[in-house]
Amino acid sequence: MRRIAMALAAAVLLALGVAACGGTGDSSDDAGAPVAKGSELKPADITLWVGFTQRELGVIKDSVKEFEKENPQVKVKVVGGINDDKIIAAARGGNAPDVAQSFSADNAGAFCGSGAWIDLKPYMDRDGISDSIFPPAPRSYTQFEGTRCALPMLADAYGLYYNEAMLKKAGFDGPPKTTAELTEYAKKLTVRNDDGSLKVVGFNPSMSWYSNTPSNFGPMYGGKWTDGSGKSTLGSDPAWAKLLSWQKDLIDWYGYDNLVKFQAGLGDEFSASNAFEKGKLAMNIDGEWRTAFIADEAPDLPYNTAPVPVDPDNPDLYGGGYTTGNIIGIPKRAEHKEQGWALLNFLATSDKAQVQLSNGLRNVPTTASSAKSPDLKPDPKFQTFLEIFGNENTTTTPVTAAGSAYQELFNGFVNKWQAGRASDLKAGLADIDKQIDAQLANVEGGQDVP
Amino acid sequence: MSLAPASDRLERPSVPADARRRARRRAQWRRRLTVLAFMSPWLVGFTAFFAYPLVSTVYLSFTHYDLLSPSRWIGLANYRYLFSQDKQIWPAVYNTLWLVAILVPLKVMFAFGVALMLTRARRGIGFFRTVFYLPALAPPVAATLGFVYLLNPATGPVNGALGLIGIEGPLWFNDPGWSKPALTLLLLWGVGNTMIIFLAALIDVPNHLYESAELDGAGAWRRLRWVTLPSISPVILFSVVIGTIEALQLFTQAFVASTIAAGSASSAGDPANDLGYPEDSTLFYPVLLFQQGFRFFNMGYAAAMAVLLFVVSFAITLVIVRNSRRWVHYAGGRT
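Respectively, the protein sequence lines represent chains Y and P. Per this note's numbering, residue 1 is the first one in the first sequence, and the count goes up by one each step. Per this note's numbering, residue 1 is the first one in the second sequence, and the count goes up by one each step.
No lab work stands behind these hints, which were simulated from the structure alone. From the three backbone atoms N, C-alpha and C, an ideal C-beta is built for every residue, glycine too. Watch out, some of these pointers could steer you wrong.
To be verified - Selected chain P positions facing chain Y (Cβ under 8 Å, derived; list incomplete): (1) 66; (2) 68; (3) 74; (4) 87; (5) 153; (6) 155; (7) 171; (8) 280; (9) 297.
Just need the whole structure built from these sequences, with the hints factored in.
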């Protein structure tokens with residue numbers, strides 16, 4: 001018995017010892033200071049991690065080939081299908097790539113704030129690259145509290161897709177420009193079955209479905225997420241309550257349960273049976289990439305695109321929308337930071353790469369100059385999104401240390417609200433503000449919220 | 001453990017008492033080392049995969065840790081947030097306790113019922129045993145996808161069949177009132193493992209007990225109540241304890257069902273945006289823990305949640321085991 005106790009004690013002591021050493025990440029930190037200006041790029045084999053797969057991965061590889069042509073001494077291995085879990089794991093140990101791309105700008109706060117991705121400012125200063133070449137939204141979602149650890153590499157912008165034939169048949173000449181018009185259109189375009197269930201829906205305002213999220217809908221009413229000090233303003237900015245009241249009114253017109261059933265019967269968002277592509281939805285808010293999907297999956301669909309409809313009391317908002325995008329950075333543990341920077345710089349700031357990537361992926365290019373390039377494949381339906389992206393009313397979501405926690409807490413409330421299970425909108429929003437602030441304080445370092 | 005110099009031993013023909021003691025102690029140490037050497041594979045495994053994670057979880061629960069930068073000691077702040085500020089915790093606790101209270105008894109009764117039926121089958125017992133066990137082999141993700149499809153309120157065959165007999169089926173995984181019952185159905189369907197254990201225990205009940213009960217005039221119900229149940233009570237206890245721990249840890253099915261039923265895919269390609277859908281009704285404690293640790297970069301807090309889960313699981317198990325002394329009978333007597 002004593003021996004077993006001794007062995008147990010030894011095991012626990014050993015574990016304590018390991019625990020004291022572990023759990024703190026690695027401490028070997030190559031500061032990765034850039035070499036002097038004008039030094040030649042040394043030969044190296046580097047790795048680029050991207051989230052893209054299949055056809056889209058091929059587009060990335062084509063751009064990387066262009067880089068290799070310009071820098072024959074650098075060989076790049078491109079690895080596709082990478083998600084943020086792998087990027088986080090690589091920051092903690094094992095093989096780290098020299099350059100990593102993430103689909104999720106929400107996580108820039110964690111990557112920049114923790115130092116998992118290195119500060120790019122010294123490299124940018126040396127090479128004379130200013131972040132003013134990016135529009136304000138992508139400039140903001142690639143840095144956190146003053147640390148610029150990422151650059152934008154193509155963006156998404158959200159707008160209204162509408163089925164021209166259906167609108168024309170109902171007697172509408174152009175897209176709705178205000179939410180009041182959107183409601184009017186939606187009601188007229190909706191077709192019900194004999195039993196009252198929904199056959200065709202004019203516009204589905206339910207959140208947590210397809211690409212419908214508060215962040216994508218926010219710019220319709222100009223809702224602000226935070227105040228100057230970073231506190232949540234969902235309750236204090238009246239725009240959100242206005243947006244949600246409008247949304248709920250339209251949901252109630254359909255009947256919430258009817259909509260849920262209708263949604264459940266639709267095909268997957270990212271498949272050829274997408275409801276808008278199938279003509280089961282007359283209008284939908286979606287990202288610019290849908291133009292490429294429609295060209296591929298439903299080339300005969302008579303559709304067009306426009307900015308999202310806006311608050312009728314604030315028509316000046318028209319033209320803007322929501323934007324977010326890919327971010328690309330250099331992990332702290334990258335072996336060849338100098339060559340990694342050269343590749344990152346090529347992909348994110350050269351017009352050549354940006355135009356080629358945009359033409360191939362049909363995403364919005366992220367430098368102001370490339371968005372005006374004559375080499376962009378002309379397409380009026382895609383052009384709408386370039387204009388939304390450049391519009392002064394276009395906004396993005398704030399970057400926080402807790403990733404998208406604030407959006408998910410908000411989503412949770414909105415889901416209750418639209419189902420009719422949260423009666424007091426004002427109090428509910430104020431309560432969500434409190435929860436978001438408390439969550440953020442806890443993630444930022446465990447301080448109590450007074 | 002110092003060895004006596006060799007010259008000492010040569011010069012002294014008779015061995016004094018303290019040297020004998022030293023020799024004995026040496027032998028004892030050698031034996032201990034041998035035992036340790038034989039135990040070392042287990043010791044290494046125990047340390048690396050049990051003690052270390054356990055101890056470091058407790059340690060991390062007192063820190064701020066975002067997975068990316070070094071953890072920083074913050075005392076009780078995570079626990080204060082857990083108990084006084086996190087408003088998601090209570091729905092998560094409620095959902096998980098709901099499972100423990102509803103799912104566990106149903107699972108035990110269902111598995112027992114199926115096993116009892118199988119012992120009565122006169123022919124084809126092998127076939128039926130296989131049929132009832134088969135669902136337990138389905139991978140949880142595939143099984144969940146199947147159920148979400150079957151219970152789809154618009155296109156699913158279940159509501160289709162209900163419609164034929166004039167019943168309007170519920171929204172199942174899309175209705176906060178029905179999502180947990182739908183999950184319960186899924187978990188009951190996969191009850192094969194528990195069923196097999198019950199079956200083995202039922203077959204093991206000595207026949208002479210039934211015979212003597214029958215001779216004493218006991219009917220079917222009395223035989224079940226006074227012979228079968230006491231005989232298999234250790235197996236009931238086992239499945240209650242294991243079932244409770246499984247209910248407290250339910251994750252995969254809830255994760256998959258909420259994501260698929262919500263029918264949204266975020267542009268970021270992140271499947272975890274609708275955890276708890278609909279309306280937090282499937283936000284079980286481990287789902288929230290995952291969300292905090294791996295989505296919100298709040299691993300220190302997730303560790304605090306894990307510690308609480310451990311304490312609660314331990315306490316519940318202890319209560320069940322203590323309470324079981326009154327109703328569990330061990331055939332070989334208590335050891």
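Which of the listed hints are broken here?
-> Structure breaks no hint.
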